[in-house]
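Trainee: Note that the protein sequences, when read in sequence, are chains P and E. Using our numbering, you'd call the opening residue of the first sequence number 1 and step up by one each time. Using our numbering, you'd call the opening residue of the second sequence number 1 and step up by one each time.
The set of hints was computed from the structure by calculation and includes no laboratory data. Here the structure is a predicted model, which is why all the values come from computation and not from measurement. Keep in mind that the hints are not guaranteed to be accurate.
Intra- or inter-copy, both count: the list cannot distinguish identical chains.
[Unchecked claim] Computed cross-link-like contacts, EDC-like style, restricted to lysine to aspartate or glutamate with a CA-CA straight-line distance of at most 16 Å:
1. Lys411 <-> Glu126
2. Lys152 <-> Asp283
3. Lys123 <-> Glu412
4. Lys123 <-> Glu330
5. Lys307 <-> Glu246
6. Lys411 <-> Glu117
7. Lys235 <-> Glu117
8. Lys152 <-> Asp239
9. Lys307 <-> Glu281
10. Lys307 <-> Asp343
11. Lys235 <-> Asp113
12. Lys123 <-> Asp283
There are 2 protein chains.
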Amino acid sequence: MPRVVIVGGGFAGLNLAKGLGNVAGIEVTLLDRTNHHLFQPLLYQVAMAGLSPADIAVPIRSLLSQYHNIQVLQGEVLSLQPDRKIVVTDFGELGFDYLILTCGARHSYFGHDEWEEHAPGLKTLEQATEIRRRVLSAYEEAERTNSAEASKRLLTFVIVGGGPTGVELAGAIGEMSRFTLARDFRNIDAASARVLLVEAGPRILPMFSAQQSARAARDLEQLGVQIWTGRAVTKIDGDGAEVGNERITSATILWAAGVKASSLGHAAGFEVDRQGRVIVEPDLSVKRHPHIFVAGDQACFVHQTGKPLPGTAPVAMQHGQYLARIIRQEIAGHSHKPFHFVDKGQMATIGRSRAMVEVGRFKLSGFVAWMMWLVVHIYFLTGFKNRLFVVLQWAWSYLSFRRGARLIVNKEWRLHPADSSVQPPTGGTEQ
Amino acid sequence: MPRVVIVGGGFAGLNLAKGLGNVAGIEVTLLDRTNHHLFQPLLYQVAMAGLSPADIAVPIRSLLSQYHNIQVLQGEVLSLQPDRKIVVTDFGELGFDYLILTCGARHSYFGHDEWEEHAPGLKTLEQATEIRRRVLSAYEEAERTNSAEASKRLLTFVIVGGGPTGVELAGAIGEMSRFTLARDFRNIDAASARVLLVEAGPRILPMFSAQQSARAARDLEQLGVQIWTGRAVTKIDGDGAEVGNERITSATILWAAGVKASSLGHAAGFEVDRQGRVIVEPDLSVKRHPHIFVAGDQACFVHQTGKPLPGTAPVAMQHGQYLARIIRQEIAGHSHKPFHFVDKGQMATIGRSRAMVEVGRFKLSGFVAWMMWLVVHIYFLTGFKNRLFVVLQWAWSYLSFRRGARLIVNKEWRLHPADSSVQPPTGGTEQ
Numbered sequence: 001m002p003r004v005v006i007v008g009g010g011f012a013g014l015n016l017a018k019g020l021g022n023v024a025g026i027e028v029t030l031l032d033r034t035n036h037h038l039f040q041p042l043l044y045q046v047a048m049a050g051l052s053p054a055d056i057a058v059p060i061r062s063l064l065s066q067y068h069n070i071q072v073l074q075g076e077v078l079s080l081q082p083d084r085k086i087v088v089t090d091f092g093e094l095g096f097d098y099l100i101l102t103c104g105a106r107h108s109y110f111g112h113d114e115w116e117e118h119a120p121g122l123k124t125l126e127q128a129t130e131i132r133r134r135v136l137s138a139y140e141e142a143e144r145t146n147s148a149e150a151s152k153r154l155l156t157f158v159i160v161g162g163g164p165t166g167v168e169l170a171g172a173i174g175e176m177s178r179f180t181l182a183r184d185f186r187n188i189d190a191a192s193a194r195v196l197l198v199e200a201g202p203r204i205l206p207m208f209s210a211q212q213s214a215r216a217a218r219d220l221e222q223l224g225v226q227i228w229t230g231r232a233v234t235k236i237d238g239d240g241a242e243v244g245n246e247r248i249t250s251a252t253i254l255w256a257a258g259v260k261a262s263s264l265g266h267a268a269g270f271e272v273d274r275q276g277r278v279i280v281e282p283d284l285s286v287k288r289h290p291h292i293f294v295a296g297d298q299a300c301f302v303h304q305t306g307k308p309l310p311g312t313a314p315v316a317m318q319h320g321q322y323l324a325r326i327i328r329q330e331i332a333g334h335s336h337k338p339f340h341f342v343d344k345g346q347m348a349t350i351g352r353s354r355a356m357v358e359v360g361r362f363k364l365s366g367f368v369a370w371m372m373w374l375v376v377h378i379y380f381l382t383g384f385k386n387r388l389f390v391v392l393q394w395a396w397s398y399l400s401f402r403r404g405a406r407l408i409v410n411k412e413w414r415l416h417p418a419d420s421s422v423q424p425p426t427g428g429t430e431q
Numbered sequence: 001m002p003r004v005v006i007v008g009g010g011f012a013g014l015n016l017a018k019g020l021g022n023v024a025g026i027e028v029t030l031l032d033r034t035n036h037h038l039f040q041p042l043l044y045q046v047a048m049a050g051l052s053p054a055d056i057a058v059p060i061r062s063l064l065s066q067y068h069n070i071q072v073l074q075g076e077v078l079s080l081q082p083d084r085k086i087v088v089t090d091f092g093e094l095g096f097d098y099l100i101l102t103c104g105a106r107h108s109y110f111g112h113d114e115w116e117e118h119a120p121g122l123k124t125l126e127q128a129t130e131i132r133r134r135v136l137s138a139y140e141e142a143e144r145t146n147s148a149e150a151s152k153r154l155l156t157f158v159i160v161g162g163g164p165t166g167v168e169l170a171g172a173i174g175e176m177s178r179f180t181l182a183r184d185f186r187n188i189d190a191a192s193a194r195v196l197l198v199e200a201g202p203r204i205l206p207m208f209s210a211q212q213s214a215r216a217a218r219d220l221e222q223l224g225v226q227i228w229t230g231r232a233v234t235k236i237d238g239d240g241a242e243v244g245n246e247r248i249t250s251a252t253i254l255w256a257a258g259v260k261a262s263s264l265g266h267a268a269g270f271e272v273d274r275q276g277r278v279i280v281e282p283d284l285s286v287k288r289h290p291h292i293f294v295a296g297d298q299a300c301f302v303h304q305t306g307k308p309l310p311g312t313a314p315v316a317m318q319h320g321q322y323l324a325r326i327i328r329q330e331i332a333g334h335s336h337k338p339f340h341f342v343d344k345g346q347m348a349t350i351g352r353s354r355a356m357v358e359v360g361r362f363k364l365s366g367f368v369a370w371m372m373w374l375v376v377h378i379y380f381l382t383g384f385k386n387r388l389f390v391v392l393q394w395a396w397s398y399l400s401f402r403r404g405a406r407l408i409v410n411k412e413w414r415l416h417p418a419d420s421s422v423q424p425p426t427g428g429t430e431q
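Let the hints inform the model, and build the full structure from the sequences given.
Mentor: Here's what the structure looks like:
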């Protein structure tokens, strides 16, 4: 019986597994280093205290428990042996007939890995709660300081990268300061927080039209966000950042700039592009390895438009659905067509009642676009329970101007840490 | 204007602050080392993946934002100078006219602090998510191991302490194995998990009648929990525990045994009992310091029955309400009566449809007791939003036999940890 091994339970891996679920004559193993499928498009809401981790993450094995031919294992892939058709994991070797890599991407600090300590990215639940801790702790610290200088540093937030994630984070911090936190503090004027969005390119949201991008910039500015375009970050340390030649003193810097694909493809000797993505054939297979496929953010697919497809959820979902179809066809002895991406448009949100939608030439912004954003995200959110809870959280937040998950949770759980250099219970000082 | 400083935002501190809220002529500062009030009675449900942290924790400053005379500060008290009427915090000194210590209790390992690493207690959100990580990771690891011996070790759970917390944890693990996880795993029989509840005393739930305690033991046994009474834990290490002379190989040990009050009272020179609780006067004040009071788990109040009141939520709430009343009276120039505890009974839950309630001679167990337990906990849960969401989570879990927050979240958020000795991304091996 053909054994299909899927590495990664993101949008591509999950859709692929579902497409092979309960198909007679196929045995599927899905490996992921976490136990959950994460709905990445709403991760910024966890970082911004609007949703809880469990609202947007569901155990992969629950999502697939109805499929008797699928086994889910939590584990990490250490290396591939393509010619022996073996995957080496941290708990042993797994043989495969078909291998699909959907390991996604992580942040890239353009060769400055030391910046990560001071400027977390947003790809995992752990990073989202770390960002939440830093942002909320900055307000708490500002409330108890007597120094105007310290207060200014604590209430300055720098977001690096003007793509959708950077825009969402900047908008949410601006909004939170103005509406949610303002009434809860006595000593600081939460609305005076300075939020700086830095983008090296000429404009934010470059994947949208120039007109929509300008509208997004205006919307952000109304929330108190300053936008600096055409200026790159040249240094990040514990006390702030350097943007061009200017020094910004800031306690909280967030990274939403470069991404880099998982190194697994490169390590296996596959051809990769500059971002480490595996360059795939028209059917998403790897050159000279017709039984190994790469999908989602880890794949570089250029065959349709001449430009690589972006690393977005719709691309990953269509990859997964396509691969399920062609694996079923191939096992049935049929040939298959190349992958064809159907572009259903794109959307981004800025904050309460503000979003933008572009489908081909159709462009929309403001409240109606925001409602479309809500409906689409709820529709794609996995799991009945999660949909219900997210809708209720949003309704509650919209009506009350509050945020449902304003928790500062520390990294250290012990009372008596063996290593006293770890995070002190009150949250530490490195933020 | 008299300055009231409250240390701790638990049940006692929060009820006290509310009782002084918007009272003319009083200025209140509430200090807490976390930013949230935690509804401790439901903390075990976070540890057992039934609720999310944000369902049972609310920012203290949100809860008190309507009271203009109350300032909330996140910070830690380092020491007291009772005679100078000063509290020394990690951000400076605070003067007070009235000081109320409600710092609660933490776990005590009876002089074996080194056991904590291998047997976390359950007092904070951090500990609850750590326990959740360990319990869920044990199942994940058992699913991918080929060794029967490793599987047995991973599916053995030892809970130390037969009080309400230990009973709730043991019941929840038994129930989760039988109902929730059984259908999601392919290689292990989740229902074969061994759950051992160890109690040094002669019976579990000693605060209940012998009859109720026996009923609880039967209920737990039906969920597959083995109960060992009259046997103390003599050793805990990374591979298991020794109970009396018997060695139990187990990957997951949870601590629900001794507690110890905050050391702040003792350090300030106040008279304390064996558990470190400050021995208080009939009005909860400290001997020779009529303007310093101790409330909640940190206080040892013996004046009513000859026995110290237990460290429970009802005691803490009544402490807080009483102190608000007498401080208002004293400031108004009136005298006050001693504290009198009104015992409204006690309850404990074992699992789905099983609980016990005792009010004086009135005893109840089973489904009706469980419904009472639900209603009382929802009633006292703080915040409209939290009530609604917890009710919905419970309804969903009850109907679906699922758990809403089955997430394994790690301690390390960085991609490039500076210190490679920290927890690896897949969850580590020390559990």
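Trainee: Against this structure, judge whether each hint is valid.
Mentor: Cross-check of the supplied hints:
1. In this homomeric assembly, lysine 411 and glutamate 126 come within 16 Å of each other (Cα to Cα) both inside a single copy, at 10 Å, and across copies, at 7 Å.
2. With identical chains, the CA atoms of lysine 152 and aspartate 283 are never at most 16 Å apart, being 53 Å at best within one copy and 44 Å at best between copies.
3. With identical chains, the CA atoms of lysine 123 and glutamate 412 are at most 16 Å apart between copies only, with a shortest distance of 13 Å across copies and 21 Å within one.
4. Proximity of lysine 123 and glutamate 330 under a CA criterion of 16 Å is satisfied in neither setting, with 34 Å inside one chain copy and 55 Å between copies.
5. For the identical chains of this complex, lysine 307 and glutamate 246 are neighbours neither inside a copy (35 Å) nor across copies (66 Å), given an alpha-carbon limit of 16 Å.
6. For the homomeric pair lysine 411 and glutamate 117, the shortest alpha-carbon distances inside one copy (14 Å) and between copies (14 Å) are both at most 16 Å.
7. In this homomeric assembly, lysine 235 and glutamate 117 come within 16 Å of each other (Cα to Cα) only inside a single copy, at 13 Å, whereas the closest approach across copies is 38 Å.
8. Taking the shortest alpha-carbon separations for lysine 152 and aspartate 239, only the intra-copy value of 12 Å comes in at or below 16 Å, while the best inter-copy value is 50 Å.
9. In the homo-oligomer, the alpha carbons of lysine 307 and glutamate 281 lie at most 16 Å apart inside one protomer (14 Å), although the nearest pairing across protomers, at 78 Å, exceeds that limit.
10. Proximity of lysine 307 to aspartate 343 under the C-alpha cut-off of 16 Å is restricted to the intra-copy arrangement: shortest distance 14 Å within a copy versus 73 Å between copies.
11. In this assembly of identical chains, lysine 235 and aspartate 113 lie within 16 Å of each other by CA distance solely inside one copy; the values are 11 Å within and 42 Å between copies.
12. Proximity of lysine 123 to aspartate 283 under the C-alpha cut-off of 16 Å is found in neither arrangement, the shortest distances being 27 Å within a copy and 53 Å between copies.
Comparing the model with each earlier hint shows violations of hints 2, 4, 5 and 12; every other hint is respected.
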